[in-house]
Amino acid sequence: MRATLPTRAGFVTNEGVEISYEVYENNGPTLVMIPPSPITHSRIYKAQIPFLSRHFRVVTFDGRGNGRSGRATGRHQHTRAKNVSDILAVLEATRTDKAILVAHCHANWWAIDVASSHPERIDGLVAIEPGVPYLGTSHQHWIDSGERWDEVLEDPRGWELFNRDVIVNDLHSWVSFFFDAQLVEKHSTKQFEDAVGWALETTGEILADAEEAQELDPPSRQDFYDQVNSLDVPVLVIHGDQDVCQHVDKGIELAGASGGDLVIIEGGGHLSLARDPVKVNRAINRFVETKRGTRMQTETWTRGLGRPKRALYLSSPIGLGHARRDLAIVEELATIEPDLQVDWLAQDPVTRVLQTAGATIHPASEWLASESGHITSEASGHELHCFQALRRMDEILLANFMVFQEVVEDGNYDLIVGDEAWDVDHFWHENPELKRGSHVWMTDFVGYLPMPEGGDHEAHLTADYNAEMIEHIARYPRIRDRAIFVGNADDIYPETFGPDLPKIRDWTEDHFDFSGYITGFSPPGPDEIESLRDELGFSSDEKVCIVTVGGSGVGQDLLEKVIASFPIAKTALPELRMIAVAGPRIDPDSLPKHPDLEVHGYVDRLYRHLSVCDLAIVQGGLTTTMELTAASRPFLYFPLKNHFEQNYHVRYRLDQYGAGTAMDYSATEPDALAAAITAELGRDVIYRPVESDGAQRAARLIAELI
Amino acid sequence: MRAAYPDIAGHVERDGVNLGYEVFGDGEPAVLLLPTWTIIHSRFWKMQVPYLARHYQVITYDGPGNGRSDQVTDPERYSADSYALDAEAVLQACGVERAIVVGLSLGAAYGARLAALRPQMATALVMIGPSIPLTPPSKEREATFQRFLQSPGENPQAWEKYNLAYWHSNYQDFVEFFFSQCFSEPHSTKPIEDSVGWATETGPEILEVEALTSPPNDPWEEIVSRLDCPTLVIHGTKDRISPYARGVRAAELSGGELLTMDGSGHIPNVRDPVKVNLALRDFVERVAS
Chain A
2 MRATLPTRAG
12 FVTNEGVEIS
22 YEVYENNGPT
32 LVMIPPSPIT
42 HSRIYKAQIP
52 FLSRHFRVVT
62 FDGRGNGRSG
72 RATGRHQHTR
82 AKNVSDILAV
92 LEATRTDKAI
102 LVAHCHANWW
112 AIDVASSHPE
122 RIDGLVAIEP
132 GVPYLGTSHQ
142 HWIDSGERWD
152 EVLEDPRGWE
162 LFNRDVIVND
172 LHSWVSFFFD
182 AQLVEKHSTK
192 QFEDAVGWAL
202 ETTGEILADA
212 EEAQELDPPS
222 RQDFYDQVNS
232 LDVPVLVIHG
242 DQDVCQHVDK
252 GIELAGASGG
262 DLVIIEGGGH
272 LSLARDPVKV
282 NRAINRFVET
292 KRGTRMQTET
302 WTRGLGRPKR
312 ALYLSSPIGL
322 GHARRDLAIV
332 EELATIEPDL
342 QVDWLAQDPV
352 TRVLQTAGAT
362 IHPASEWLAS
372 ESGHITSEAS
382 GHELHCFQAL
392 RRMDEILLAN
402 FMVFQEVVED
412 GNYDLIVGDE
422 AWDVDHFWHE
432 NPELKRGSHV
442 WMTDFVGYLP
452 MPEGGDHEAH
462 LTADYNAEMI
472 EHIARYPRIR
482 DRAIFVGNAD
492 DIYPETFGPD
502 LPKIRDWTED
512 HFDFSGYITG
522 FSPPGPDEIE
532 SLRDELGFSS
542 DEKVCIVTVG
552 GSGVGQDLLE
562 KVIASFPIAK
572 TALPELRMIA
582 VAGPRIDPDS
592 LPKHPDLEVH
602 GYVDRLYRHL
612 SVCDLAIVQG
622 GLTTTMELTA
632 ASRPFLYFPL
642 KNHFEQNYHV
652 RYRLDQYGAG
662 TAMDYSATEP
672 DALAAAITAE
682 LGRDVIYRPV
692 ESDGAQRAAR
702 LIAELI
Chain B
5 MRAAYPDIAG
15 HVERDGVNLG
25 YEVFGDGEPA
35 VLLLPTWTII
45 HSRFWKMQVP
55 YLARHYQVIT
65 YDGPGNGRSD
75 QVTDPERYSA
85 DSYALDAEAV
95 LQACGVERAI
105 VVGLSLGAAY
115 GARLAALRPQ
125 MATALVMIGP
135 SIPLTPPSKE
145 REATFQRFLQ
155 SPGENPQAWE
165 KYNLAYWHSN
175 YQDFVEFFFS
185 QCFSEPHSTK
195 PIEDSVGWAT
205 ETGPEILEVE
215 ALTSPPNDPW
225 EEIVSRLDCP
235 TLVIHGTKDR
245 ISPYARGVRA
255 AELSGGELLT
265 MDGSGHIPNV
275 RDPVKVNLAL
285 RDFVERVAS
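Taken in sequence, the protein lines are chains A and B. Quick note on the numbering used here: the first sequence kicks off at 2 and runs consecutively. Quick note on the numbering used here: the second sequence kicks off at 5 and runs consecutively.
Chain A with its partners taken away, still in its complex shape:
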């Protein structure tokens, strides 16, 4: 799922080619993002758009030959003049009178042309890893491979792949090599996949034509120098000093010649906008705001000793479980630190729980892109490839981090608690100078694990993600002031982080404190069960089976399968009463109806119902299964297919408690499910007890930082 969608989108036909554009309406200056087509398209700016469009009006378009724009063929279709003309056509079509141009790589050549030929329309230029002729140094590999461009090479390797024959006939080889070479930064698998994917949306023929078209109408050296020297707009150049596409000298000389600002990203390659997006976004924002000169109008600064103690709490919206345990922790914190003010940066469905509890939700929460919506969009049937879904959530996590960072820079927070706030933890390690306040990281699992279906490649990816996390913590132990594992060391899955990486348990014991499990509620004691059943309307002559799929919106298929088994089970056991809970994100009316079957939407404090039911049927999420474990209820659980956390981490933990019966969704037909229901309904179970002081222990660990 994209982190933000345009206000409107359209096409403009320019010189016979359809150019696709998107507009994110907002007040303030317009930023026009120019992709270096045709090797990529507007999505190259996916990490910039959600952030910049919150502050400014943003226009993007796909250059000719890629994305949703026309596949113009022939060298003459890809000249500088044609691309410049496209930019002007997009300005017209989007009614953009004045724009700040943002360009990457060779798109800067076009942008400079526009800025110098139409100074009245251009207010600034942000040149990212600019590829401009004559300035700076050209890498030798371009010169060498260019000399053999037209040859048909025997077994070309490396930069020899920059060759017409290779590009036309084996585009994948060229772009894979090219982007692998560009992403000099470690742990760039996602950026690599993105860039290769976008490049494959064009054709080798078009890409080769476009390369050759650069020779058709180049400016003379003198003309280009004149253009740059006479640029009458503010310029910001951002350039990675390890760029092997456009030598960093080009950026340095462009900044010098244009009198522009220069940001060098040391250790950065050609795709800083994708690989170091926080730095790039903030540099662009600062450039535009400084130009506007309007930053401070009114500000209130409170003296240090006059400030109340404040915490910002982030609770992962993936599933409903975090919200309740976090509320329980905050309640315990209040007994230790009664004056602590807690704001929540949160989104649906967490906000529903918080609103019911009367918690203070920070107004910036409304800017958050939906993580649970993304997870729902990634699920299909009873399957959620949780690791890949998290990877593909990259732009949403970044968009939300940018919101978070603005909140902490304004809020004088003493403490940041992130319960699986992946964005905060990751991007603070990537941008350690941005840390504010003390930071508590909380999670109930450590380590990405590959699913068998993903084979070696997925094992390589999970190990790479784990390695990055391990390196983050080793290099910047100051980013996590406290790391809390919600559980016990025995709960940790007995695996390594990957080849040549430590055992998860050893590493976690070295780097975390353990709070024990946190249910967020006390299950009813033996003498309280009857009265709670009475209160909830469960009569003594019925056996109540509750079916619930949590809050994420993934679970329609499981609900339907259980409902299909209901008539069979009801026939076998007439005292069966089945209650299906659709949760906040599934429409109860979309489920099959059946006489005697009760279907509800969101149920407040569902854990109370679960704690006194005779059987529960659930997914493999940790929260619900552990609630049932704590309440000593029999339950059937169906881990989502390809969900590494549910299949490995949660299942292993439940096994430690001797709790629950794991079921395989695809292998369980309604008859078998009905039989399982009949066997389990009302069964007496004895599980290892679940600790009840987890919230208190976590609160104590946190309070030490305040």
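For the record, the hints were derived by calculation from the structure and aren't laboratory data. Wrong hints could be hidden among the right ones.
[What the hints assert, rightly or not] Heads up, simulated EDC-like pairs for lysine to aspartate or glutamate below, C-alpha to C-alpha not over 16 Å straight-line:
no., chain 1, residue 1, chain 2, residue 2
1, B, LYS279, A, ASP542
2, A, LYS292, B, ASP286
3, A, LYS571, A, ASP542
4, A, LYS571, A, ASP514
5, B, LYS279, A, ASP411
6, A, LYS292, B, GLU289
7, B, LYS279, A, GLU410
[Unchecked claim] Here are the in silico distance ranges between beta carbons for each label pair:
no., chain 1, residue 1, chain 2, residue 2, range
8, B, ARG122, A, SER371, 15 to 25 Å
9, B, SER229, A, ARG287, 30 to 40 Å
10, B, VAL278, A, GLU26, 35 to 45 Å
11, B, SER229, A, ASN28, 23 to 33 Å
12, A, PRO478, B, GLU101, 45 to 55 Å
13, A, ASN28, B, ARG122, 55 to 65 Å
14, B, VAL278, A, LEU537, 53 to 63 Å
15, A, ILE337, B, ASP30, 52 to 62 Å
Think of the CB as a built atom: it goes at the ideal place given N, C-alpha and C, for glycine as much as any other residue.
Once you have looked at the hints, place chain B on chain A.
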């Protein structure tokens, strides 16, 4: 030892009065830090000068009656107009045509007068805790002003010490009281000691002349409203000398920016210098670009 010493120190004479000035650094633009009520002298900018001088050319000078300037007894030299002309003379002596002007308390009034009289010279104005009568003074202080020339009584307390006869009989005690009010923030011993020390470099005779200078009938609302340059007002909410409401009003009238210092007193540039320094830098960068 001072944290920064001037690159140039000198005196400029204007109509027979010598004014001691100092110039630090050579960056762009020039920033002029004005004198304030002459009970203290230019050292009250000591927390700003070293930092700002690393970025800009900073000019300070002592007003008439204190520091290295002449102990002037001519009442005319204590009017806002006269201060504005002094500032102009200092800038000219330093060869500076344009400066961003910063004033504290009464200095904010002098700065506003300078910006009104010499708009081409003062390109922007920062008013810290402006002591400009845009809103009424606090009740306590108003009563004080009315009793200023009366007998202080046996054992004056608090603002009763703001009394001409008491100044002459017990200057030190008055000064200590006054700065305890300026620095309403807890734990302010050092700023109070500093200020009391600077106050002993002048005395009740000078302050009497200054105080009896016919109160300016300057149309302050109009002067501040007509300010044509970018302005920034910095004002503490716990200002016991010039109410916070004045800062709010000054920002409104001048169409400028307002930095509210929650919990700060009358002289935040001394007591909360980091925030003030950063705000000054931020403002200068923006107006200079």
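Hint check:
1. B:LYS279 to A:ASP542: violated, 71 Å
2. A:LYS292 to B:ASP286: With a Cα-Cα distance of about 13 Å, the restraint between A:LYS292 and B:ASP286 holds, given a limit of 16 Å.
3. A:LYS571 to A:ASP542: holds, 14 Å
4. A:LYS571 to A:ASP514: violated, 47 Å
5. B:LYS279 to A:ASP411: holds, 14 Å
6. A:LYS292 to B:GLU289: holds, 11 Å
7. B:LYS279 to A:GLU410: With a Cα-Cα distance of about 14 Å, the restraint between B:LYS279 and A:GLU410 holds, given a limit of 16 Å.
8. B:ARG122 to A:SER371: 15 to 25 Å: violated, 57 Å
9. B:SER229 to A:ARG287: 30 to 40 Å: At roughly 33 Å between Cβ atoms, A:ARG287 and B:SER229 fall inside 30 to 40 Å, so the hint holds.
10. B:VAL278 to A:GLU26: 35 to 45 Å: holds, 39 Å
11. B:SER229 to A:ASN28: 23 to 33 Å: Holds, at about 28 Å.
12. A:PRO478 to B:GLU101: 45 to 55 Å: holds, 53 Å
13. A:ASN28 to B:ARG122: 55 to 65 Å: Because 37 Å falls outside the window, the suggested range is violated.
14. B:VAL278 to A:LEU537: 53 to 63 Å: Roughly 58 Å apart at Cβ, these two residues keep to the hinted range, so it holds.
15. A:ILE337 to B:ASP30: 52 to 62 Å: holds, 54 Å
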